[in-house]
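Residue strings, one per chain:
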Amino acid sequence: MPKMNVIPSKGLVQSPGSGFLIDGATVASSAQSLDQLILTTVLLNVSSVSETFVVTPHAGTLTAVYSSLGGAIAAGDATLTVKVGGSSAGTITIANVGSAAGDVDSLTGLSTAVTQASAIEVETNGGSTNAVSVNLTFVIER
Amino acid sequence: MPKIDFNDAKGVVSTAGSGWLRNGVEISASAGQLDRYTLTGKITGLNSGGEHVYVPVPATGTLVAVYSSVSGDPGAITLIRVHNAAGSSLGDITIANASSAGDVDMLLALSSAVTAGTYLRAISDNGATNAVDAYITFVIER
Numbered sequence: 001m002p003k004m005n006v007i008p009s010k011g012l013v014q015s016p017g018s019g020f021l022i023d024g025a026t027v028a029s030s031a032q033s034l035d036q037l038i039l040t041t042v043l044l045n046v047s048s049v050s051e052t053f054v055v056t057p058h059a060g061t062l063t064a065v066y067s068s069l070g071g072a073i074a075a076g077d078a079t080l081t082v083k084v085g086g087s088s089a090g091t092i093t094i095a096n097v098g099s100a101a102g103d104v105d106s107l108t109g110l111s112t113a114v115t116q117a118s119a120i121e122v123e124t125n126g127g128s129t130n131a132v133s134v135n136l137t138f139v140i141e142r
Numbered sequence: 001m002p003k004i005d006f007n008d009a010k011g012v013v014s015t016a017g018s019g020w021l022r023n024g025v026e027i028s029a030s031a032g033q034l035d036r037y038t039l040t041g042k043i044t045g046l047n048s049g050g051e052h053v054y055v056p057v058p059a060t061g062t063l064v065a066v067y068s069s070v071s072g073d074p075g076a077i078t079l080i081r082v083h084n085a086a087g088s089s090l091g092d093i094t095i096a097n098a099s100s101a102g103d104v105d106m107l108l109a110l111s112s113a114v115t116a117g118t119y120l121r122a123i124s125d126n127g128a129t130n131a132v133d134a135y136i137t138f139v140i141e142r
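Residue numbers (the working numbering), protein chains in the order written: chain R, 1 to 142; chain X, 1 to 142.
Watch out, some of these pointers could steer you wrong.
Covered by chain X, according to a simulated footprint, are these stretches of chain R (three or more residues, beta-carbon under 8 Å) [to be verified]: (1) 17-26; (2) 52-58; (3) 66-79; (4) 83-92; (5) 113-121.
In case anyone wonders, no lab produced these hints; they're calculated from the structure. These numbers were taken from a predicted model, which means no experiment stands behind them. Where a beta carbon is used, it is the ideal one built from N, C-alpha and C, also for glycine.
With the hints as extra help, turn the sequences into a complete structure.
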C-alpha cells in the first residue's frame, strides 16, 4: 500500500505506508468528508409556529440535519419539518419530557437533492411551550 | 518541480510547475485546511445572565479554535466560556471593555475531541453591561 504525498517541490511521491498527504501532512478526511458542506442556522423560538431558512451555496445532496435545543421545553413535543423546494424531506421530533438545553436530535440517512442558491427550510409546529431557540446543522454532500 | 493534476480524462498528469490540481484547477488548501469544517452560532445579549448557544456537531473530530465577533461595546470585560457536551470547560474568550462592533477575539491551540451527535456550547459570564451579541465560529478538524 503506497503512501501518496503531493509535495510542491517534488510532485506526487509514493513511498511505503498508506494514506494521502499534502506536503507531508496527512489528509485524514475521507473523500465523502471532503465532499461535505456544513451549514448552520437557528430557529429563534421552537415553541411558536415559525420557520427558518438557510441558503445552499452549492448543489448537492442533503444527507443529515441536527438540532440542538437552547433550553427545556414543556407541554408537548416540538416537531421540526425540514423542507427542500417546499416539500418535506423529513421531520425531527424534540421530546418535551426530560428535555434540557443541549439536547441533540437528528434526521439522518437523507438523500435529498438541493440546488445551488436554493433555501432549505425548517419549520416548527410550535407543539411545545417555553420560548427557547434551536440551533440547526445541515450536512450536504457535493 | 512537477505540477500534479488529478484529471478525470487523463488520470494523474505531471507537468512543469508546482502544486496540485483537480481537472486543471489548483487546490491551494493545506491538508489541515481540507480536514477542517466550521460551525457558527450566536449568543444574544451578553449582558443577560447565562446567555448561551448550543451548536450541534455533525462529524467527529477535534475542536482546534473558537472565534467570537461582538456586535458592539459590551461596556465591561466579558468572558465567553466554551464547553463540550461533557460540560467540561475548554477555555474562555475574553472580550475587552470598549470593544467595537466587529472586533474579533479567539481561543486558539485547542485540542479537544468532539463527537458527532453531541454539541458545543458557548456561554457568556454576564460581564457585559450593554445588550450586545456575540457571533461564534467553531473550527473542527476531522
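Structure-based check of all given hints:
Remark: the region 17-26 of chain R is confirmed as covered by chain X, as 5 of its residues place a Cβ nearer than 8 Å to a Cβ of that chain, reaching the required three. For the region 52-58 of chain R, the stated coverage by chain X is violated: 0 residues have a C-beta nearer than 8 Å to a C-beta of that chain, whereas at least 3 were required. Look at the region 66-79 of chain R against chain X: 5 of its residues bring a Cβ nearer than 8 Å to a Cβ of that chain, three or more, so the hint holds. By the rule of at least three residues with a Cβ nearer than 8 Å to a Cβ of chain X, the coverage given for the region 83-92 of chain R is violated, with 0 such residues.
For the region 113-121 of chain R, the stated coverage by chain X is not satisfied: 0 residues place a CB nearer than 8 Å to a CB of that chain, which falls below the threshold of 3.
Going down the numbered hints, you'll see the structure goes against 2, 4 and 5, while the others check out.
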